[in-house]
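S.K.: Next come the chains, spelled out residue by residue.
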Amino acid sequence: MAHNKTLSESTTDEEPATPEDGETVLELDGVTKAFGEEAAVEDLSLSVTEGELLTLLGPSGCGKTTTLRLIAGLTQPTGGTVSIRGEAVAGDGAFRPPEKRDVGLVFQNFALFPHLDVAENVAFGIDDWPADERERRVDELLELVGLEAHRDKMPAQLSGGQQQRVALARSLAPEPEVLLLDEPFSNLDVRLRVEMREEVRRILKEAGVTAISVTHDQEEALSISDRVAIINDGELEQIGKPEVVFENPESKFVASFLGRASFISGRVRGDIVETPLGTLSTDQINGPVSAYDGAQIDVLVRPDDLEATGPTDGLADGRVVHRQYNGPSFVYRVELESGGVVRCLHNHVETFEHGQEVSVKIVADHPLAWYPVE
Amino acid sequence: MDGTAETTDDSTSRDSPGTIRGSLANIRQLVTRIRRSLLPVSATLIALLLLSPVFWIVREATTVGRERAISMVFSAGTFDIIVNSFLLTAGVTLCSILIGVPLAILTVQTNLPFRRFWTVVAALPLVIPSYIGAFAFVSAFGPRGVLQDILSPLGVEQLPEIYGLVGSVLVLTLYTYPYVYLTTRASLLSFDGTVVEAARTLNHSRWKAFRRVTLPQIKPGIAAGSLLVALYTLSDFGTPQIMRYDVFTRMIYIWYDNFFLGRAALMSLLLLVMTVGILVWESRISASREGAHVSSGSRRPGRIQLGSWKWPAVGFCLLIAGLALAVPIAILVMWLERPSPGYAEGGFEFQFAYVMNSVSVSFAAAILAVIVGLPLAYLAARSDSRLGSLPERASYVGYAMPGVVVGLALIFVGLRFAGVLYGTVFLLVFAYVVRFVPQAVGTMESSILQVDPKHVEAARSMGDGSFRSFRRVVLPQIAPGVISGGALVFLTTMKELPATLLLKPLGGETIVTYIWQVQEAAYYGQAAVPALILVGVSALSMLIILRQDAYDGTQ
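Chain order of the listed sequences is R and C.
First residue of the first sequence: 834, per the working numbering; consecutive thereafter.
First residue of the second sequence: 3, per the working numbering; consecutive thereafter.
FYI, nobody ran anything at the bench for these hints, they're computed from the structure.
Everything numeric in this text was worked out from a predicted model, so none of it was measured.
Glycine included, C-beta positions come from ideal geometry on N, C-alpha and C.
Careful: at least some of the hints might be erroneous.
[As the list claims (entries may be wrong)] No farther apart than 16 Å at their CA atoms in a straight line, the calculated lysine to aspartate or glutamate pairs in the EDC-like style are these: (1) Lys-1038/R to Asp-1137/R; (2) Lys-210/C to Glu-1008/R; (3) Lys-1085/R to Glu-1068/R; (4) Lys-1194/R to Asp-1104/R; (5) Lys-210/C to Asp-960/R; (6) Lys-933/R to Glu-883/R; (7) Lys-933/R to Asp-950/R; (8) Lys-1038/R to Glu-1008/R; (9) Lys-210/C to Asp-961/R.
[Said to hold, decoys possible] Covered stretches of chain C (chain R as the covering partner; in silico rule of three or more C-beta atoms under 8 Å from a C-beta of chain R): (10) 187-199; (11) 212-226.
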């Protein structure tokens, strides 16, 4: 992985690992949206291929939802172009209103029409179809989302999960080129969320629709998407398959956003790295470090990469400052003598008390990502 | 018989040897029952009293005799009045919707320049009592009016006729459309904007989304405002009288004035039937499916960019505000500056005593309305049954009952049954209470609803009786609601016209009757000061209503 040069760059080329098999359906090229001085989205470029489910992941207020609204045509970009199937729908002097874009949007609060029943909601976008075809399409979609029995109910009579299914069916009805999902699970309670994730992915795949979803929940993004795009402050940080992005975060931001990451500082000596927790050899490090000989770097460690033990030979690396019990496991937060805090994952048997001195060992079975210190 | 009573009965029979103790318990039980039913009983009595004018009207109408009554009702004259009333009500309601709904949409959903300014200005015509508006319009556009004076040197001999249906619709629309504007605005503000965006992404143009999503959801709001407009129009006496347009209210007054009392009563009954018709029509609309499901959310839909429509839209707002506000104010101020010749000779000197008369009857009405309204409001707010809110509902009849009808009914009372009261201030105050007690009840009920019933239970558990706990716990908390309810009645009473005209005691001129006199005598100039006072009074009552709305809105 040649990740060193991309560390400080905001826009990234397509991840080589991404399968480029399908045809490109949606393309954003240098899209910018500024509200006054503030840029909500800045120079964003990405493309989505046929049938793919891409998730935009980032902290609240990072510009994800604005990006969706730009694609849907609910907001006009201040720069760059949005194209669907190679045709510019925004930018380049063109602006196609939402109703002429073939883009569906599932709203965070579902936005069902409260004065129409389930079947009427689903049929809303296809009211220009012949009656019998429309009827058939509604039946087909209600079956897809498993709501055949509820077609005559009003939205207020449905549970949150059912409302979401109606919202999905409604936006799939006109067979959009692209379906957008804005924080689709945030209005559901926690138990329902996990169940609906699987369900929504099944429905999208069965419908074969190209979809972009937006979330701030990393677990959700990693579990349902074909690809994940990490957005920070309106800029694209990294895009790729979930497991690739998780294992090889290209920037410290991505690393710290995914998994409960900590960093330990190390100094490069030839092709090894000296850290307060021991020396790392080449095969424990992701990519060659020789170019940084003598320099200070930060090594990414997640809780499962570290292990705490009782102090060996009376020498401790740090002190337990916090203990989180999750039932099957403990996560200890250890303040290191050398400065900084790391997290260690343990099973429920090994217990350390708050304030106890421990030594910490790197037990990772995969190469660790690292970042030069700026 | 409730549970407590039964146990007491059991203990009585068991205690039969000691009969004194038993009967004592019986008495105590009786007292509790009386005290418990005190509130419902008094509320019912009050409601009956408030409804009594209907009874007197019916009674008087029956004195006409069957055959004469039938021939009166089915005469060509009556038919004309029905048609006229219908045309006026329908015309004003329709025009109010045509003005109020676009104004609401412009001020809520578009990038109209100076939006905040227009938001307030569009509601302001409510401040001007419609009869003052009518009188200003007649003096501006009528024959030998201001406009004609200005235009006559230019060779304009005659202006289009302001009197009649056109003038009445124009004036009433200008001063009642704010009801539609305000209710439509409220429903636009409370409804979730994302559903409009959802419609847009489902291949609906802006106009189509408005028709299929926004309109069905704001329909109940529009209907509620239209109901207020229709009720107001049907019961308004001043405007048609000034515009010389023969509708029910005007004819009832004329017949009364010429001592055709039976006929006036019969027409009053017909007017009440028409009012009930409007109420039924409105409840049909609100009960339809659309009304029951209104989405609410915090997100506003994106503002509609008016583009080249921006300036025509401003022109529309300017036209309405100019007609409804600038014309009457300009006329009044002009009369203030340039007194009419009648000022010295007419003998209609405006006296400070008139203001005092207005203030004292209004004050009495306000106090009485609060006293009478409190039990109704309390019962309605605290009972879960329909029966409990029945007295409160019944009191709302006063809203729908035109002032002319209430005034007439009380004249019958005075003439036939309570001669001592005839021509006294008591009947007048009672008429005000009948008409405006719903305002006090409404305000007080909403503030009672905000008091946690647990507070009363807590006080009861600490040994306070029900009345004592009400006085110590509830009353202090609802005091602001009680005061603003009373203030509202006070201010509306100040500008009430028809009942005041009918029932004012001899020599008891008020601001309103004074304006009416000089208006009839065409000494317009002298009406300027009292009219401006009334506009100020109405402005105050608007402020109270708006504050109350903001208060409710935070709930």
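S.K.: Look at each hint and say if it fits the structure.
M.R.: The hints, checked one at a time:
1. The suggested pairing of Lys-1038/R with Asp-1137/R is violated, with an alpha-carbon distance near 33 Å, which exceeds 16 Å.
2. With a CA separation close to 20 Å, the supplied pair Lys-210/C and Glu-1008/R exceeds the 16 Å bound.
3. For the suggested pair Lys-1085/R and Glu-1068/R, the alpha carbons sit about 14 Å apart, so the restraint of at most 16 Å is met.
4. Note on Lys-1194/R and Asp-1104/R: the hinted pairing is violated, with a Cα-Cα distance of about 20 Å set against a maximum of 16 Å.
5. For the suggested pair Lys-210/C and Asp-960/R, the alpha carbons sit about 11 Å apart, so the restraint of at most 16 Å is met.
6. Proposed proximity of Lys-933/R and Glu-883/R is contradicted: the alpha carbons are some 20 Å apart, above 16 Å.
7. Proposed proximity of Lys-933/R and Asp-950/R is contradicted: the alpha carbons are some 25 Å apart, above 16 Å.
8. The suggested pairing of Lys-1038/R with Glu-1008/R holds, with an alpha-carbon distance near 13 Å, which does not exceed 16 Å.
9. With a C-alpha separation of about 12 Å, the suggested pairing of Lys-210/C with Asp-961/R holds against the 16 Å cut-off.
10. Only when three residues or more bring their CB closer than 8 Å to a CB of chain R does the claim for the stretch 187-199 of chain C stand; here the count is 4, and the claim holds.
11. Here the stretch 212-226 of chain C counts 4 residues with a CB under 8 Å from a CB of chain R, which clears the bar of 3, and the coverage holds.
Figure legend: structure checked against the earlier numbered hints; hints not met, in rising order: 1, 2, 4, 6, 7.
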